[in-house]
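Number of protein chains: 2
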Amino acid sequence: MSRLKVQSFSISLDGFAAGPDQDLEHPLGVGGPDLATWLFHTRTWKQMHVAGGDETGGGETGVDDELAAKGFENIGAWIMGRNMFGPVRGPWPDESWRGWWGEEPPYHTPVFVLTHHARAPLLMKGGTEFRFVTQGIESALAQAKEAAAGKDIRLGGGAATIRQYLRARLVDELHLPVSPVLLGQGEHLFAGLDLRALGYACTKHLRGERAAVHVFLEKQP
Amino acid sequence: MSRLKVQSFSISLDGFAAGPDQDLEHPLGVGGPDLATWLFHTRTWKQMHVAGGDETGGGETGVDDELAAKGFENIGAWIMGRNMFGPVRGPWPDESWRGWWGEEPPYHTPVFVLTHHARAPLLMKGGTEFRFVTQGIESALAQAKEAAAGKDIRLGGGAATIRQYLRARLVDELHLPVSPVLLGQGEHLFAGLDLRALGYACTKHLRGERAAVHVFLEKQP
Chain R
1 MSRLKVQSFS ISLDGFAAGP DQDLEHPLGV GGPDLATWLF HTRTWKQMHV AGGDETGGGE
61 TGVDDELAAK GFENIGAWIM GRNMFGPVRG PWPDESWRGW WGEEPPYHTP VFVLTHHARA
121 PLLMKGGTEF RFVTQGIESA LAQAKEAAAG KDIRLGGGAA TIRQYLRARL VDELHLPVSP
181 VLLGQGEHLF AGLDLRALGY ACTKHLRGER AAVHVFLEKQ P
Chain A
222 MSRLKVQSFS ISLDGFAAGP DQDLEHPLGV GGPDLATWLF HTRTWKQMHV AGGDETGGGE
282 TGVDDELAAK GFENIGAWIM GRNMFGPVRG PWPDESWRGW WGEEPPYHTP VFVLTHHARA
342 PLLMKGGTEF RFVTQGIESA LAQAKEAAAG KDIRLGGGAA TIRQYLRARL VDELHLPVSP
402 VLLGQGEHLF AGLDLRALGY ACTKHLRGER AAVHVFLEKQ P
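Residue numbers (my numbering), protein chains in the order written: chain R, 1 to 221; chain A, 222 to 442.
So here's chain R without its partners, still in its complex pose (with noise of 0.2 Å):
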């Protein structure tokens, strides 16, 4: 059966998902790069976002990279907030912002975007194809569901809609590395979430080779 999951969600150890000051150069806020340290050393990243990355191409394995390629394994769906898709807020001005990946982004699978704001789809190179859902979270993973063809769901980000999604507890499991820096300001991923009372629990903790600690959890059936 189709699972919903987070993956390689990065977090600060004050719990902190984005820094402060998200903009066009700042997609992560300030200092939000720094929670990913263990993500952009991995083989699996390189592959995906470094022009001439290819099947022999640098990037390290270990543990940080096979939970990087992990993350994308049998997933038949994305879904992700509007803010993750890009910095364009409110009504869509025109069809000119196409994600901020490029023309071929890495999901290779239909990718339900949550807006208030009607769209048309984007098909885009190598099998992504963004479709934006007005509808509301419930509604987006009824089709990401369908899309999936009883393949797994990846919930993309940012903070907002993961908290979402766990508040009607909608969330199969989450794979959250913690990154050893503190960001003091930003989106907190658990404020005023009581995960216990959600029915979550942490299931497996494990440390990756760049000093980030990878915990795993899952709703209790």
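Hints are computed from structural coordinates only; laboratory data are not their basis. Just so it is clear, CB atoms sit at the ideal spot from N, CA and C, and this is done for glycine as well. There could be a bad hint or two in this list.
If you only want the chain A side, here are some residues facing chain R, beta carbon under 7 Å, derived [said to hold, decoys possible]:
#1 234
#2 405
#3 406
#4 411
#5 415
#6 423
#7 428
Given the structure of chain R, go ahead and fit chain A onto it with the hints provided.
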């Protein structure tokens, strides 16, 4: 020079230092003892708290134990909040409450207890003397420094007390074991504090035998 140190102060994955509903039977709140699983197995803990513990007694050695022991080295005075001293609130009804720890508490130094209600000092066995400070955190620190005579001062807790000292930038370093549990509610250590703006950074972290990750924060010069 005397440093003000937080040592072996355990928090949950979601940042809580104690569970909800603290009372006489639950001094750490409901679920709170799960935070200190790493500690309860150490030789250091067993020697201090388990009847019949002695130099050759049980308990595990290793990273967890070394850190537990280090928390008591070179300490010339302690500071703690009144709620860590006991469950009595408001004016002291009498002299009967003498701390959670019996007649020989594990401190063996002067212990400055922050309170709004004056009370005569309490001299216990083994060199522990509880002194009640009504003039606030800076006064308690000045008195502790004088008593410590060049040794360090350990800030015991609870969370509210540590938060006051952090906000005033008076804490020099913190050792925070992060336990792989979710508490959901309780006393949050970091909420509303911008540790980065206050000048703190993570300088080290390492994993203990019993699943806690030991995080070290220091005030930057």
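Evaluated hints:
1. Taken as an interface hint, residue 234(A) checks out: its beta carbon lies about 6 Å from the nearest beta carbon of chain R, inside 7 Å.
2. The beta carbon of residue 405(A) comes within 3 Å of a beta carbon in chain R, closer than 7 Å, and the hint placing it at the interface holds.
3. Contact between residue 406(A) and chain R, as hinted, is supported at the beta carbon level, the nearest pair being about 5 Å apart and thus within 7 Å.
4. A least Cβ separation of about 5 Å between residue 411(A) and chain R falls short of the 7 Å threshold, and the interface hint therefore holds.
5. Hint on residue 415(A) holds. Least Cβ distance to chain R is approximately 4 Å, under the 7 Å limit.
6. Because the smallest distance between the Cβ of residue 423(A) and any Cβ of chain R comes to about 4 Å, under 7 Å, the interface hint for this residue holds.
7. The criterion of a C-beta within 7 Å of any C-beta in chain R is met by residue 428(A), whose closest approach is roughly 6 Å, and the hint holds.
The structure is consistent with each of the numbered hints, conforming to all of them.
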